[in-house]
Amino acid sequence: EAGVTQFPSHSVIEKGQTVTLRCDPISGHDNLYWYRRVMGKEIKFLLHFVKESKQDESGMPNNRFLAERTGGTYSTLKVQPAELEDSGVYFCASSSRSGGTSLREQFFGPGTRLTVL
Amino acid sequence: GQQLNQSPQSMFIQEGEDVSMNCTSSSIFNTWLWYKQDPGEGPVLLIALYKAGELTSNGRLTAQFGTTRKDSFLNISASIPSDVGIYFCAGRNTGKLIFGQGTTLQVKP
Chain A
1 EAGVTQFPSH
11 SVIEKGQTVT
21 LRCDPISGHD
31 NLYWYRRVMG
41 KEIKFLLHFV
51 KESKQDESGM
61 PNNRFLAERT
71 GGTYSTLKVQ
81 PAELEDSGVY
91 FCASSSRSGG
101 TSLREQFFGP
111 GTRLTVL
Chain B
118 GQQLNQSPQS
128 MFIQEGEDVS
138 MNCTSSSIFN
148 TWLWYKQDPG
158 EGPVLLIALY
168 KAGELTSNGR
178 LTAQFGTTRK
188 DSFLNISASI
198 PSDVGIYFCA
208 GRNTGKLIFG
218 QGTTLQVKP
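Protein chains in written order, with my numbering: chain A, 1 to 117; chain B, 118 to 226.
A portion of the hints provided could be inaccurate.
Unchecked claim - Lysine to any residue pairs mimicking SDA-like chemistry, simulated, CA-CA at most 25 angstroms apart:
hint, chain 1, residue 1, chain 2, residue 2
1, A, 41, B, 176
2, A, 44, B, 143
3, A, 78, B, 157
4, A, 44, B, 155
5, A, 41, B, 170
6, A, 44, B, 120
7, A, 54, A, 40
8, A, 44, B, 225
9, A, 41, B, 221
10, A, 44, B, 126
11, A, 51, B, 143
12, A, 78, A, 17
13, A, 15, A, 29
14, B, 225, B, 143
15, B, 187, A, 53
16, A, 41, B, 133
17, B, 187, A, 56
18, A, 51, A, 17
19, A, 78, A, 98
20, A, 44, B, 200
21, A, 41, A, 97
22, B, 187, A, 59
23, B, 187, A, 78
24, A, 44, B, 137
25, B, 168, A, 95
Note that these hints are calculated values from the structure, not bench results.
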C-alpha cells in the first residue's frame, strides 16, 4: 500500500511569489491534515479535512494560505504571496476513520521543504 | 493554546546506552503518541498510548501515559546507531496533534 506522498520535495521561491504544495493521502483515508515545522521549532497543526470539508482550520496563519481538497482525494496548499516567515517544512498526514486504534492514527508524508528568499 | 514541553532538546550518547525523554503539558490529553523523524522523511509513529497509566513496549522502546494525563515518557534501551533521529511526542484530544519541540538523538558507535 502506497504511503502519503507530497510534491514537490523542495521549493525555493522569491518573496511575493506563489507556491502550491500537493498532498496525496493513503487511498481510502478520509482525514487529511496539514502541519508545518519552522526551523528548530515544534511541528504545528494548520488544518484538517474530512473528505472534502474543512473540519478545523484553526491553525492557518493568515489569509495568504489557501487549502483545498476537491473531490475528497488529494489536497493542495497554496501560499500567495509568500513571505520570508513562510519558510519551513510542510507535512501532510492522513488517517482512516475505521479499523483498530493504531490504524486510525496519522501517517505522515515526507514533507515539502519551502524556502522563501 | 496547548503546548507540550519536551526534554531534553538533544542527546549525544554512546551505543549501548539507555535513553529517556519526556513530555509535559499544562492540559490533559486523551491520547499520547511518540513519533520518530529520520532526515528527509516524515514522522513515523513508534508508540500510541490511550489510557492513563498505560505502559507499552515496541521492541527496545517503552513509553508510558502519565496517570495525570498531562505527561508521557519514552525510553530506548541498548541504543544502536540507527536510533539516530528526532523524536517527537504528541498529544491529541480531537483530530489535530499537538507536538513537542523534539529531542534530537545522536548515537556514537
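query = Can the restraint linking residue 168 (chain B) and residue 95 (chain A) be considered satisfied, given a maximum Cα separation of 25 angstroms?
reply = 20 angstroms, holds
25 angstroms limit on alpha-carbon distance, applied to hinted pair residue 51 (chain A) and residue 17 (chain A) = 29 angstroms, violated
message = Please verify whether residue 187 (chain B) and residue 78 (chain A) have alpha carbons no more than 25 angstroms apart.
response = Violated, because 35 angstroms separates the two Cα atoms, which is more than 25 angstroms.
inquiry  = Given the hinted pair residue 44 (chain A) and residue 200 (chain B), is their Cα-Cα distance within 25 angstroms?
reply    = Status holds; Cα separation ~24 angstroms.
request  = Would you check the hint for residue 41 (chain A) and residue 176 (chain B), treating anything up to 25 angstroms between C-alpha atoms as holding?
outcome  = Given that 25 angstroms is the threshold and the Cα spacing comes to 29 angstroms, the pair is violated.
task = Decide if the proposed pair is consistent with the structure: residue 225 (chain B) and residue 143 (chain B), CA atoms, cutoff 25 angstroms inclusive.
result = 35 angstroms, violated
key: Proposed proximity, residue 143 (chain B) with residue 44 (chain A) (alpha carbon, max 25 angstroms)   = Given that 25 angstroms is the threshold and the Cα spacing comes to 17 angstroms, the pair holds.
ask   = Does the structure keep residue 78 (chain A) and residue 157 (chain B) at a Cα separation of 25 angstroms or less?
value = 22 angstroms, holds
query = Given the hint that residue 41 (chain A) pairs with residue 170 (chain B), does the C-alpha gap stay at or below 25 angstroms?
reply = Cα-Cα ~28 angstroms, so violated.
inquiry  = Check whether the Cα positions of residue 44 (chain A) and residue 155 (chain B) lie no farther apart than 25 angstroms.
reply    = 18 angstroms, holds
Straight-line alpha-carbon gap residue 44 (chain A) to residue 120 (chain B), limit 25 angstroms = 10 angstroms, holds
inquiry  = With the threshold set at 25 angstroms, check whether the alpha-carbon distance from residue 44 (chain A) to residue 137 (chain B) stays at or below it.
reply    = 24 angstroms, holds
Violation of the numbered hints given earlier is confined to hints 1, 5, 7, 8, 11, 13, 14, 15, 16, 18, 19, 21, 23; the remaining hints are satisfied by the structure.
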